[in-house]
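The residues making up each chain are set out below.
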Amino acid sequence: NAGVTQTPKFQVLKTGQSMTLQCAQDMNHNSMYWYRQDPGMGLRLIYYSASEGTTDKGEVPNGYNVSRLNKREFSLRLESAAPSQTSVYFCASSAYRGRNEQYFGPGTRLTVT
Amino acid sequence: GESVGLHLPTLSVQEGDNSIINCAYSNSASDYFIWYKQESGKGPQFIIDIRSNMDKRQGQRVTVLLNKTVKHLSLQIAATQPGDSAVYFCAETLTTSGTYKYIFGTGTRLKVLA
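Residue numbers (my numbering), protein chains in the order written: chain U, 1 to 113; chain D, 1 to 114.
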């Protein structure tokens with residue numbers, strides 16, 4: 001099992017460009033998440049999908065959109081990148097949303113200039 | 001690459017010694033807690049969890065203690081090894097009206113000295 005995979009691993013964008021971060025899990029998990037990690041701060045939830053066919057905003061959703069393509073895949077889109085979106089992005093999955101562990105991908109380091 | 005805060009508190013321990021990493025959580029109503037380990041350039045990795053109806057849970061070489069009175073969580077690592085060097089952070093789950101909020105700490109860097 002690969003667990004949670006993310007692509008790309010690194011990306012540099014210019015302000016105003018768009019891109020999509022891809023995430024896939026092979027654990028048959030129902031719930032998937034997108035987080036951002038910034039220096040000096042804990043992980044912050046951008047969007048989540050409690051189950052296939054549903055998505056909801058997290059703590060910091062502005063400037064992002066998501067798509068739960070199927071049970072395995074959950075993508076994060078930046079429509080018009082801004083320097084404030086420079087961060088490390090992690091996708092995670094869990095069997096269900098609630099009191100259970102989340103499995104994280106290796107992360108995407110995004111720089112917006 | 002550096003993926004976590006540059007100015008995290010650091011705990012340095014000698015190889016073979018025990019490590020204790022502390023976390024003050026934010027909400028007295030949080031009912032589920034996890035410790036994660038994050039190595040440089042990698043995603044967080046689950047270590048151990050504990051529910052609020054427990055005050056201690058043991059795993060392989062790790063023990064988590066929960067003190068709800070003072071909202072404190074600790075992770076004890078026995079016989080610390082070089083491979084334990086990483087950032088460790090706690091996460092709490094707050095359940096409100098059937099919805100869940102996950103709150104992650106900023107972490108402590110553990111350095112194992114040979």
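There may be inaccurate statements among the hints.
Taking lysine-lysine pairs in the DSSO-like style, the calculated list, with each CA pair at most 27 Å apart, reads [stated by the list, open to error]:
id, chain 1, residue 1, chain 2, residue 2
1, U, 57, D, 101
2, D, 42, D, 68
3, D, 42, U, 14
4, D, 71, U, 71
5, D, 68, U, 9
6, U, 57, U, 14
7, U, 57, U, 71
8, D, 42, U, 9
9, D, 71, D, 101
Quick list of simulated restraints, FRET-style, between CB atoms [said to hold, decoys possible]:
id, chain 1, residue 1, chain 2, residue 2, range
10, U, 65, D, 12, 40 to 46 Å
11, U, 26, D, 57, 27 to 33 Å
12, D, 74, U, 67, 35 to 41 Å
13, U, 8, D, 69, 43 to 49 Å
14, U, 61, D, 14, 41 to 47 Å
15, D, 15, U, 63, 27 to 33 Å
16, U, 67, D, 70, 39 to 45 Å
17, D, 70, U, 39, 23 to 29 Å
18, U, 65, D, 59, 37 to 43 Å
19, U, 54, D, 29, 23 to 29 Å
20, D, 57, U, 54, 30 to 36 Å
21, D, 69, U, 63, 37 to 43 Å
22, D, 11, U, 7, 16 to 22 Å
23, U, 3, D, 79, 26 to 32 Å
Calculated directly from the structure, the hints in this document are not laboratory data. For glycine and all other residues, C-beta sits at the position ideal for the given N, C-alpha and C.
Hint-by-hint comparison with the structure:
Distance restraint check for residue 57 of chain U and residue 101 of chain D: the Cα-Cα separation of roughly 12 Å lies within the 27 Å cut-off, and the hinted pair is therefore satisfied. Between residue 42 of chain D and residue 68 of chain D the alpha-carbon distance is near 31 Å, which puts this suggested pair outside the 27 Å criterion. For the suggested pair residue 42 of chain D and residue 14 of chain U, the alpha carbons sit about 25 Å apart, so the restraint of at most 27 Å is met. Proximity of residue 71 of chain D to residue 71 of chain U is assessed by CA-CA distance (about 36 Å); at most 27 Å being required, the pair is judged violated.
Under the criterion of a C-alpha separation no larger than 27 Å, the hint pairing residue 68 of chain D with residue 9 of chain U is inconsistent with the structure, at around 39 Å. Restraint check for residue 57 of chain U and residue 14 of chain U: the C-alpha separation of about 25 Å stays at or below 27 Å, so the hint holds. For a cut-off of 27 Å, the pair hint linking residue 57 of chain U to residue 71 of chain U stands: about 18 Å separates their Cα positions. At roughly 10 Å between alpha-carbon atoms, residue 42 of chain D and residue 9 of chain U fall within 27 Å of each other, so this suggested pair holds.
The hinted pair formed by residue 71 of chain D and residue 101 of chain D meets the criterion: a straight-line CA distance of about 17 Å does not exceed 27 Å. Evaluation of the 40 to 46 Å hint for residue 65 of chain U and residue 12 of chain D yields a pass: the beta carbon distance comes to about 43 Å. A beta carbon spacing of about 28 Å between residue 26 of chain U and residue 57 of chain D agrees with the range 27 to 33 Å that was offered as a hint. About 40 Å separates the C-beta atoms of residue 74 of chain D and residue 67 of chain U, a value consistent with the hinted range of 35 to 41 Å.
For the pair residue 8 of chain U and residue 69 of chain D, the supplied restraint of 43 to 49 Å holds, since their beta-carbon distance comes to about 46 Å. For the hinted restraint 41 to 47 Å between residue 61 of chain U and residue 14 of chain D, the CB-CB distance of approximately 45 Å keeps it satisfied. A C-beta distance of roughly 44 Å is found between residue 15 of chain D and residue 63 of chain U, which places it outside the suggested range of 27 to 33 Å. At roughly 43 Å, the beta-carbon separation of residue 67 of chain U and residue 70 of chain D lies within the given 39 to 45 Å, and the hint holds.
A hinted range of 23 to 29 Å holds for the C-beta pair residue 70 of chain D and residue 39 of chain U, which are about 28 Å apart. Between residue 65 of chain U and residue 59 of chain D the beta carbons are some 38 Å apart, a value that agrees with the proposed interval 37 to 43 Å. In this structure the hint that residue 54 of chain U and residue 29 of chain D lie 23 to 29 Å apart at CB holds, the actual value being about 25 Å. In this structure the supplied range 30 to 36 Å holds for residue 57 of chain D paired with residue 54 of chain U, their Cβ-Cβ distance being about 32 Å.
Distance hint check for residue 69 of chain D and residue 63 of chain U: the Cβ-Cβ separation is about 40 Å, which falls inside the suggested range of 37 to 43 Å. Distance hint check: the CB atoms of residue 11 of chain D and residue 7 of chain U are about 34 Å apart, inconsistent with the given range 16 to 22 Å. The hinted window of 26 to 32 Å between residue 3 of chain U and residue 79 of chain D holds, with their beta carbons roughly 27 Å apart.
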